[in-house]
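Novice: The lines below spell out each chain.
There are 4 protein chains.
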Amino acid sequence: RQTMYDIIFEADTPAGRWFDIGLLVAILASILFVALETVPDFREPGYARLLDAFTTAEWFLTILFTIEYILRLLCSRHPLRYAFSFWGIIDLLSVVPSYLTFFVGSSSRSLLTLRSIRLLRVFRVLKLWRMMNEADELSYAIWSARNKIIVFLAVVLVAVTISGALMYHVETLLFNVDEVTHVNPDSHFTSIPQSMYWAIVTMTTVGYGDIVPKTSIGKIISAVLILLGYSLIIVPSGFVSAELVGLRTDESQNREQHPCSVCEVTS
Amino acid sequence: RQTMYDIIFEADTPAGRWFDIGLLVAILASILFVALETVPDFREPGYARLLDAFTTAEWFLTILFTIEYILRLLCSRHPLRYAFSFWGIIDLLSVVPSYLTFFVGSSSRSLLTLRSIRLLRVFRVLKLWRMMNEADELSYAIWSARNKIIVFLAVVLVAVTISGALMYHVETLLFNVDEVTHVNPDSHFTSIPQSMYWAIVTMTTVGYGDIVPKTSIGKIISAVLILLGYSLIIVPSGFVSAELVGLRTDESQNREQHPCSVCEVTS
Amino acid sequence: RQTMYDIIFEADTPAGRWFDIGLLVAILASILFVALETVPDFREPGYARLLDAFTTAEWFLTILFTIEYILRLLCSRHPLRYAFSFWGIIDLLSVVPSYLTFFVGSSSRSLLTLRSIRLLRVFRVLKLWRMMNEADELSYAIWSARNKIIVFLAVVLVAVTISGALMYHVETLLFNVDEVTHVNPDSHFTSIPQSMYWAIVTMTTVGYGDIVPKTSIGKIISAVLILLGYSLIIVPSGFVSAELVGLRTDESQNREQHPCSVCEVTS
Amino acid sequence: RQTMYDIIFEADTPAGRWFDIGLLVAILASILFVALETVPDFREPGYARLLDAFTTAEWFLTILFTIEYILRLLCSRHPLRYAFSFWGIIDLLSVVPSYLTFFVGSSSRSLLTLRSIRLLRVFRVLKLWRMMNEADELSYAIWSARNKIIVFLAVVLVAVTISGALMYHVETLLFNVDEVTHVNPDSHFTSIPQSMYWAIVTMTTVGYGDIVPKTSIGKIISAVLILLGYSLIIVPSGFVSAELVGLRTDESQNREQHPCSVCEVTS
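Residue numbers (this note's numbering), protein chains in the order written: chain A, 66 to 332; chain B, 66 to 332; chain C, 66 to 332; chain D, 66 to 332.
Treat the hints as calculated values from the structure; they're not laboratory data.
Predicted model, so just to flag it, every value in this text is computed and none were measured.
Any given hint could turn out to be false.
Stated by the list, open to error - What follows is a set of in silico ranges between Cβ atoms, one per label pair, in the way DEER data are often shown: (1) Ile215/A - Phe107/C: 42 to 50 Å; (2) Trp152/C - Pro144/B: 19 to 27 Å; (3) Glu109/D - Leu218/C: 28 to 36 Å; (4) Val242/C - Val161/A: 40 to 48 Å; (5) Ile285/D - Ile215/A: 14 to 22 Å; (6) Met69/C - Ile214/B: 28 to 36 Å.
For each residue, glycine too, the CB sits at the ideal point set by N, CA and C.
Using the sequences and the accompanying hints, generate a full structural model.
Specialist: See below:
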């Protein structure tokens, strides 16, 4: 039982490492099959056998994950604590939906939702993080910057609200206004929430282009807002960089550990 | 009165902290209601009761903000100084427009503008910054980099003007030119200001796609401009990073100035 | 003459500073007028008086710049050296085209080009850089990173060529191919240069959306290329950040100048 | 033979440097000709002579590269080791396809693929890296950050899968659903793989706009996902920056290890 525990929960032994790699491949394959099942092309008659193969492979992996879940429960020293931990719930949610499909009509809507819950399996990829110290460093850098991130989100909220309201007025209420409806019928900025969506898509430089300014004044204002918003949105990358640089510098200074310049003893 | 002052203006006491959190929720809810009122769907007959609920909730919050404003005036040591400060004016502007709607006809244009002024309430979110030192650090980093930002904006202005004029010539005046109008009718670059708008949208990597080069030469030139512009626009992120890294290093060096743990002399 | 030299060429005196600010406003206004002249709306009869106002204002500014150019020539100690310097040529090019328009027919194509040359005035904005040391620091950081930038451009060239050719094959030559033309008629990737343009627009995250993959395999490959290209294109921002952080650290270390820990003399 | 070896394989001598620059120009020209051959315009009768010129120039360069390849084989001390090295194979692959075209019918599909293999020549540009130490530094920074990059890719995979599945459900299965097909016919999110492609295009801020949310709930969720995804995707740029800053600091500290200028003792 101890051996099994080492293999399943620890990654220090060669067997544990191979177990982890095998699990990773199984999770990725499973995600792939669940995702491909939703492609409309594969539902056409010509692809029936391929879809069957996907389903079979998916069931094979589900049974594997079930065995793994039971083994984890058996060899864990605190089975209940594992069962109600975050990873335990993820492990359970990644096998239960497949079995529930037996009790649900084959073409109903709830079946589709059940099937998608299996995609939560992708979180198990993160369990393999325990192999790496780097995840801690990253979490620590983000955690150190949490207050800055809250301030930043507050500033983004203000910027998005004000620029959304401004663009809504300029594009929809001020220019080329229809006599009857009192709005510009060509405007893409049909409401303030829509304009705030535009502001987020623009400030993050995603820029889909499904909502763009049409009037000259709107283009001028949005050009200014883009430059301001761009300056704003690059700030958090500076925060994270600064934290990571600081961590790395602290580390290399600790490694140096030079003697005190007065008493010449290395503390 | 002192107790009330502590609760409303300071965030150090538990009561003051809860007051701040309650205020934050009220501001966010109020912004949401004002924004949702502009969605065209909610103006249809079926949603009349929902729209009424929004309006009622919004009035409730307005009265709350009015009471808060009066309390702030009453318990402030310098009521006039508060009333004419930036935050005092924001507080006033976030309640007055609601009351002014009584004096304005119900379907007029000025009503819509009045309603939107209420969105300035979002600035009150920033008042809660006083809880955090991080805002000072961020402001300081941006302030330290101000001269660099001016130089950078000058370079961006030059780049936008020159690339805008260049693309206007290539796309509109040089190729596939119409005999009568002397311009390329398919060109998206209809004028130099329009081309400058394209240059800003492109250099910041937003890239809506509403204005794109159509000629081969235009595509080649814009590919070169994109690479140059991209190199240019990443520079300010380096500035802010460098400032923030510098600040963090200075801080950790100040913290280090501890005496040697053996001879207790600060070297 | 020395006073005039100080005012025009130096920014240390109050008069020189005001001269610089006035010049900046004049340049920006001039750029604005030249750009607005190209907007098609202003060429319609209704806007004739506004267009005349633009032209008059533009002539007034041109005469101002001419006087400034002559003053610079007069009070410079080496007029010829100034005249053939970069800034001298920019100053000359920003006034000469306006006068040349007298010798050119009023509706000809060369007139439009002449007019646009006036936009080179925007470079004069950079002359005001001499007020700031920050420009030197920025130039130095970019200059220090020049070899890295060349390596980076070589890697970008390889990535753009290989992904362009790959996407051209997948999208145009391999799937949904027309029997007669041997190419996919729906493909946006009509040639390798077009695909390379797509690769540049995508890797820099501009993403216009005028050229997008249509086939499933094309989408999968482009998703992988986007992730790889994104990882690649963020590298130079790291270079510039590192240079700027290094510069700032060197500076603050020089300021510290602590005494030698052995002989206690500050070198 | 030693002289020839120095010229071809080393860049330290003036002759070797000129050889490298000549080779660079030849490679770039060759890439240009191969790419331009695929432009449909040049296949029209009017451009027949230009296309011939491209082909001739391309053959001239191919013969040059062949001579270079043979010289490299002749003057290398270990011809076989060179022939089977990465650069040797790239060198071979950049000349062989041109000769193979003699044995393949002139209008067949395999001809097109053969022609494109010549584009692998672009990798030879990287051979000129050996002139520069900077490439090592860059490779080292990326290599140091490899574990972090794997963790990061795992997080991206989770984020892309979960947001893809979420958007697929909201946009396609939950709202405006057709009675017969049980899906929203206007949705762009036709399957989970398609939604994952959208998630990658959005998180990297490329934002083509070919797939955008249409429902209000979809827009709200995607706005939140964009802000989260943006925060996530800027993290690796921080990693690379931190590594590069660390490398530069280590370097400058090593350089500093000079003795005190007064007492000549290295502290």
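Novice: Using the Cβ atoms, figure out if Ile215/A sits within 42 to 50 Å of Phe107/C.
Specialist: holds, 47 Å
Novice: Is the gap between the beta carbons of Val242/C and Val161/A within 40 to 48 Å?
Specialist: holds, 45 Å
Novice: Lying within 28 to 36 Å: is that true of the beta-carbon distance Glu109/D to Leu218/C?
Specialist: Roughly 33 Å apart at Cβ, these two residues keep to the hinted range, so it holds.
Novice: Holds or violated: the 19 to 27 Å window for the beta-carbon distance between Trp152/C and Pro144/B?
Specialist: violated, 56 Å
Novice: Is 28 to 36 Å a correct range for the gap between the Cβ atoms of Met69/C and Ile214/B?
Specialist: holds, 32 Å
Novice: Do the beta carbons of Ile285/D and Ile215/A sit within 14 to 22 Å of each other?
Specialist: holds, 21 Å
When held up to the earlier numbered hints, the structure conflicts with hint 2 and nothing else.
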